[in-house]
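Undergrad: Given the coordinates of chain A, assemble chains B, C and D onto it according to the supplied hints.
Chains as they are written, first to last, in full-length UniProt numbering: chain A, 1 to 385; chain B, 1 to 385; chain C, 1 to 385; chain D, 1 to 385.
Source of the hints: derived by calculation from the structure; they are not laboratory data.
There's no promise every hint is true.
Claimed, not checked - Simulated DEER-style distance windows between Cβ atoms: (1) A:S295 with C:E234: 24 to 32 Å; (2) C:W160 with D:R148: 45 to 53 Å; (3) C:R58 with D:P297: 46 to 54 Å; (4) A:A213 with C:G49: 57 to 65 Å; (5) C:A213 with A:H350: 33 to 41 Å; (6) C:S295 with A:A169: 19 to 27 Å; (7) A:S295 with C:P25: 52 to 60 Å; (8) D:E298 with B:D27: 38 to 46 Å; (9) A:R148 with C:D26: 52 to 60 Å; (10) C:G49 with A:R372: 54 to 62 Å; (11) D:D26 with A:R148: 57 to 65 Å; (12) A:A169 with D:D65: 55 to 63 Å; (13) C:S312 with D:D26: 16 to 24 Å; (14) A:G49 with D:D65: 17 to 25 Å.
What the hints assert, rightly or not - Which residues of chain C face chain A? A partial, calculated answer using Cβ under 8 Å: (15) I68; (16) T207; (17) T210; (18) L252; (19) S273; (20) D282.
Unchecked claim - Stretches of chain D that chain B covers, calculated by requiring three or more beta carbons in the stretch to come under 8 Å of a beta carbon on chain B: (21) 207 to 217; (22) 251 to 259.
We treat Cβ as the ideally placed atom computed from N, Cα and C, and that holds for glycine.
Number of protein chains: 4
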Amino acid sequence: MIGHGFMGAAHSVGWRQAPRVFDLPDDVEMAVVVGRDADAVARDAAHWGWAESATDWRDVVARDDIDIVDIVTPGGSHAEIAIAALEAGKHVLCEKPLANSVEDAEAMTDAAARASARGVRALVGFTYRRLPAVTLLRDLIAEGRVGRVQQVRAAYRQDWLVDPAMPLAWRLQKEHAGSGALGDIGAHLIDMTRFVTGQSIDAVSGTLDTIIARRPLQGSGSGLSGVAAEGFGEVTVDDVAIFTGRLAEGALASFEATRFATGRKNALTIEVSGDAGALAFDLERLNELQYFDRSAPEGVQGFTTILVTEPSHPYVSAWWPAGHTLGYEHGFVHQAKDLVEAVVAGTDPHPSFADGLAVQRVLDAVERSAERDSAWTSVGEPARH
Amino acid sequence: MIGHGFMGAAHSVGWRQAPRVFDLPDDVEMAVVVGRDADAVARDAAHWGWAESATDWRDVVARDDIDIVDIVTPGGSHAEIAIAALEAGKHVLCEKPLANSVEDAEAMTDAAARASARGVRALVGFTYRRLPAVTLLRDLIAEGRVGRVQQVRAAYRQDWLVDPAMPLAWRLQKEHAGSGALGDIGAHLIDMTRFVTGQSIDAVSGTLDTIIARRPLQGSGSGLSGVAAEGFGEVTVDDVAIFTGRLAEGALASFEATRFATGRKNALTIEVSGDAGALAFDLERLNELQYFDRSAPEGVQGFTTILVTEPSHPYVSAWWPAGHTLGYEHGFVHQAKDLVEAVVAGTDPHPSFADGLAVQRVLDAVERSAERDSAWTSVGEPARH
Amino acid sequence: MIGHGFMGAAHSVGWRQAPRVFDLPDDVEMAVVVGRDADAVARDAAHWGWAESATDWRDVVARDDIDIVDIVTPGGSHAEIAIAALEAGKHVLCEKPLANSVEDAEAMTDAAARASARGVRALVGFTYRRLPAVTLLRDLIAEGRVGRVQQVRAAYRQDWLVDPAMPLAWRLQKEHAGSGALGDIGAHLIDMTRFVTGQSIDAVSGTLDTIIARRPLQGSGSGLSGVAAEGFGEVTVDDVAIFTGRLAEGALASFEATRFATGRKNALTIEVSGDAGALAFDLERLNELQYFDRSAPEGVQGFTTILVTEPSHPYVSAWWPAGHTLGYEHGFVHQAKDLVEAVVAGTDPHPSFADGLAVQRVLDAVERSAERDSAWTSVGEPARH
Amino acid sequence: MIGHGFMGAAHSVGWRQAPRVFDLPDDVEMAVVVGRDADAVARDAAHWGWAESATDWRDVVARDDIDIVDIVTPGGSHAEIAIAALEAGKHVLCEKPLANSVEDAEAMTDAAARASARGVRALVGFTYRRLPAVTLLRDLIAEGRVGRVQQVRAAYRQDWLVDPAMPLAWRLQKEHAGSGALGDIGAHLIDMTRFVTGQSIDAVSGTLDTIIARRPLQGSGSGLSGVAAEGFGEVTVDDVAIFTGRLAEGALASFEATRFATGRKNALTIEVSGDAGALAFDLERLNELQYFDRSAPEGVQGFTTILVTEPSHPYVSAWWPAGHTLGYEHGFVHQAKDLVEAVVAGTDPHPSFADGLAVQRVLDAVERSAERDSAWTSVGEPARH
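Isolated chain A, as found in the complex (with noise of 0.2 Å):
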């Protein structure tokens, strides 16, 4: 594992659990993460349950003994990082965003297709797609349940940066980060559409904002965040993204990310309606979606709230009984189940690295759509380079 920040905690749960959950076809051993900082590492190393730790990533994607790298660094060193591990003949589960930029993932979907014609896997880590509700929730439009989808209403809202003395972040600086609450959150928005719906996104009409531009400096320098300087520095991220999308198929589909959403700590909900029915989740009650049906009796239609235990629910007969719920990091557990399980049966896991590409492409055709004052842009233009 290349990083060890928030993301390095939920993948090590990922895999120190799906061998013991799941009847994996091999065995998975936590072999080596690497960071910059020696301490810090093999502190984080020695906590999580790795065997080792390293601070070149060159060295450790050159081991002979590592099958599996996975890389949780920030977006601008993926794509360096995951071509030169495909090239190693190494499987990569690389964190999302793909990359900071359509260049950078343009290569790195390159470098897989490459890869998996030797028989190495690509995996990039929309991990929320393997939550049990949302990959039922796929499921139940690819059986028809909504029919033909007419209107997709998606929106991912957060609150922390609401206070005006929330210091600069690496997030908020547009050479770290790539991009704001479009990339970081507004990226989930979109893999999850295209991903529940099996339709790509055309073309969008987007604003970006940046409602606090001022922030101040943080004090102490730490891992790849850290700024020295006191004062104070500028936001060069977006804190609100507001986009409609045109589907393959026609349907508009309207995204709101958000960090400024007061009260909504992880407000991820998605809504698809159809001729036959409509689904909807909502990431703060990760168990539960709603499932309105339109073939039910007249008289008793209505949103139905699934409690996504059942034991016939994806992933979850592995788990406990049900009615007994799930949190956030299961999704990391079925993300390394699914990917070991890929990798032994010599199949392509989703989503590929062209699936992060094309996420790639909606942000980048967003923040072109705002630049020309939100006029409607076609994802499938060339990209800015």
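TA: Coordinates of chains B, C and D only, in the frame set by chain A:
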């Protein structure tokens, strides 16, 4: 209309709106309101749209131009007025509870039976029956959608007595109110359970409690409830009633009526569980009904929130388009409509005085059980006289 | 009252109930209803409790015994009737939208300004303002409880067009309805946003879409909407409107109005987020208001569900005790009350025709933006004529 | 760990995750799992990450290299194993219920008291205490936020017995399970009420019922529950337990435990009402806590939904950022953490065996009350032997 408190206002809305919303088979004229205080009743009569006011209910009951007598006085006076009115050939709508004692309720039921034989109708005002969601609940059970009823869980929770400064109102004095939480709001639970299940409650085990036993006396007299003196007085009714009942077909039903459920304002909740499904209702969200259908496909089962505002739902087609909600008072409009229709059609409306007596007998059995250390007590045993 | 469709029924409840519930400073007499079809209007007038009916609105507007003219016809006819009524010295209540064009709305606003100078009042019927929870939402913002408004998220979602068999009603024809989802329900979002934030919407970027463009013609004529022919016709208004607005003080507001949100019946939702808190409302649960208070102690923060039925809440003390809910129609009662009080007090009630014009200008700007590939469009620019 | 059913899996997650998430004061090694079937226990041990397996718990309890014995066998065997382990100087974690009889529980509590004097710790596994929302509920009551507790309303509702085809599992046979819904899930209600209020339950009145008394025998034997024969057998435990308790400081608490609440999967709900506020919890939404604060300003009171995922909430800071939810199994991680910390610190963790005995005494009193026609029964009376 005899009486003119809070219930007088609600009944007045019923009479005023019913002919303007529904196509009634006969005209409704709001003739006269009766109260002890001539000025007060004249004011209310004018305000609520009644043609006249009066102070002697006997005079009014004797008038030839009166067809329906609507009784909204405290429970202790119901029997005398209702029996006189029925004997005078007036159709009677009597607010719940039917009476403060089983003895009174029996006399009223006898009078209603005699009256019915002469084409005179009697209705006791368990108005919640006529909220669309409650009628729908009953209809869905009658259609078999919950199957065999195996459990009922019902509660009526309010919090207006939590404040110890709340004065000793007439509802807290046994001589005026007859009973406390049990008789006032527990009565609704009993009637609703009988109504929706279609089953009698045959035995009970119950506990009554008075959480705050002494309260400040009210400083100034007003109507029946006025207490001139200052100082403190004894609460002589129950604040909380918790009881379990056995339904005719064997299911257990749990009941809780309380005025000490902090934060709950008017939370009448009932859930009926059967071998085919379940239905749940909450009066604070009275336009909604929760329905669990065990025959729904595996994987999409759950409680469906039916927004009971569709034209196909009971009473709704006369009101607004789907999604436009009704409120508390609409039950009174439906009650007025149903009574007028029954009178014209020559049929006995529900809930009958016999239904009101049945409720009274259950209340009485709960009191007897509470006095017997909560031992199970048959409702059918001769009542205390 | 000029017109007698669904809105006629709702306004009639308002006029009938207001004087019976509130202590109005003057009497209200329901004088006359005007409609094209003499029989139909006579029937409705009698049913709803109006003294007379008539077929020529000009005659009625000229009558000396008429003080208030209430206009509930389709939007295209509002300007002519309202201006005539104001010029005849009648106070005017005009159902929303104020008009089908900015031009008409401007003429009406001018007429209202001239009338106001003569003591004649005008009110446009954005009735939702007068639901207790919405007025409370506005009041809490005015008190500073959300602080600086940083985001608004609003949607009005219905599903009555999901069924492709739904015929081509007048609301789907531009010549009658003026606009589709945008003008009909999007107008409510615009008014409510302006009302609760106290800010204008200064610019917009929007997209309109017609999901089902051809619908069966209605077989039989009735009122304005009758279409005798058979076959299919073109839907000439939008089904879905998605737009983003910029508020006067800088915040972004996202809006979505749709008749294709499967399972959503009347889901007007609005959430206002600020640096001190947030407030959220859902019309399908119109007795509730969600409030997030950033000043609450750490550890117990969250959205509070306020059941807006306390005596201290707007309009509520005239109705029922705490916990006894109101419904859709109560907004019309409050509107009638407020208009009568304003007329007697000699003050201009809100929302004024100028408010109605402001809404119209935003709607127009959305249409212009949609025609310009969703480019941001100033509301203040001269409107299309 | 002695035993390896469903609870074995859950406890294993606890032991595996605790040292990787929290900074524990000592190392945790997952040594050995004990089961009757050598192959089955070897399989589970390997799968769950234990170093070894064994078939004789006495051997394991005697091993010098074992510090903690975790007992997850059915309740009837708890006493023998736990007492032996404590006497061998092992710290003991014993899954709930502590025992199947008061007598056993008393012996265990005596053994734990003796062990404590020697520095050996004992903990009974009422794991729900350690869900962040439940610990927060307790903390908020301890801080005085509900004031004087005046009412408790608790229920644990499941529906896995609604299907009459559900076979006669060991949980439905008194000789194996000790009790039915009462002992299995009612025990949680009792422990949670004691825990959050800090009060004992001193007397009870209760009713037990078996809704479906005959069930098909299981065709094939497996573990303790195997029944080889075919045909039908008698359900010898209760399906439903409804009881009322009197808390030490006088409040009434109502309880309902049922496996026949159609559509409810794991609905442990508890609401504690006091003169300063109320708190409510629902296990199916275990990341949320409802809080009503009577000291909030008039007009904005209501139940606040606290999303218990903030760093300041109990146990949360070791996990994920705000808004990222936990699930059922996290209680087991917290339990493992707290036990290790207590062992190292030399303090007795809660819930103690004395707490487990107290629960057992309440269960016993409910059974005695049920046998005495639901008469109120003192918990403190000498138990049936």
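Undergrad: Would you mind marking each hint as holding or not holding in the structure?
TA: Consistency of the hints with the structure:
For the pair S295 of chain A and E234 of chain C, the beta carbons lie near 29 Å from each other, so the given range of 24 to 32 Å is met. Between W160 of chain C and R148 of chain D, the C-beta spacing of about 51 Å keeps the proposed range 45 to 53 Å intact. Look at R58 of chain C against P297 of chain D: about 52 Å separates their beta carbons, and that is inside 46 to 54 Å. For A213 of chain A and G49 of chain C, the Cβ-Cβ distance of about 59 Å falls inside the hinted range of 57 to 65 Å, so the restraint holds.
A hinted range of 33 to 41 Å holds for the C-beta pair A213 of chain C and H350 of chain A, which are about 35 Å apart. Restraint check, S295 of chain C to A169 of chain A: a C-beta distance of roughly 24 Å satisfies the suggested window 19 to 27 Å. Remark: the range hint 52 to 60 Å for S295 of chain A to P25 of chain C is upheld by a beta-carbon distance near 54 Å. About 44 Å separates the C-beta atoms of E298 of chain D and D27 of chain B, a value consistent with the hinted range of 38 to 46 Å.
The given range of 52 to 60 Å is respected by R148 of chain A and D26 of chain C, whose C-beta atoms sit roughly 55 Å from each other. Our hint of 54 to 62 Å for G49 of chain C and R372 of chain A holds, since their Cβ atoms are close to 57 Å apart. Evaluation of the 57 to 65 Å hint for D26 of chain D and R148 of chain A yields a pass: the beta carbon distance comes to about 60 Å. Taking 55 to 63 Å as the suggested C-beta distance range, the pair A169 of chain A and D65 of chain D does not conform, at roughly 47 Å.
The supplied range of 16 to 24 Å is broken by S312 of chain C and D26 of chain D, whose beta-carbon atoms lie about 57 Å from each other. The beta-carbon spacing between G49 of chain A and D65 of chain D, approximately 21 Å, falls within the hinted interval of 17 to 25 Å. Checking I68 of chain C against chain A by beta carbon gives a least distance of about 40 Å; that is not within 8 Å, so the hint is violated. Satisfaction of the interface hint for T207 of chain C is found here, the shortest Cβ-Cβ separation to chain A being roughly 5 Å, below the 8 Å cut-off.
For T210 of chain C, the shortest C-beta to C-beta distance to chain A is roughly 11 Å, which exceeds 8 Å, and the interface hint is violated. Interface hint status for L252 of chain C: upheld, as the beta-carbon distance to the closest one in chain A is roughly 5 Å, under 8 Å. A hinted interface residue such as S273 of chain C counts as satisfied when its beta carbon comes closer than 8 Å to some beta carbon of chain A; here the least separation is about 4 Å, so the hint holds. Interface restraint check: D282 of chain C against chain A, minimum CB-CB distance 13 Å, threshold 8 Å, status violated.
Here's how the segment 207 to 217 of chain D fares: 3 of its residues keep a CB closer than 8 Å to some CB of chain B, so the rule of at least three is met and the hint holds. Evaluation of the coverage hint for the segment 251 to 259 of chain D: fulfilled, as 5 residues show C-beta separations to chain B shorter than 8 Å, against a requirement of three.
Going through the hint list in order, the structure does not satisfy hints 12, 13, 15, 17, 20.
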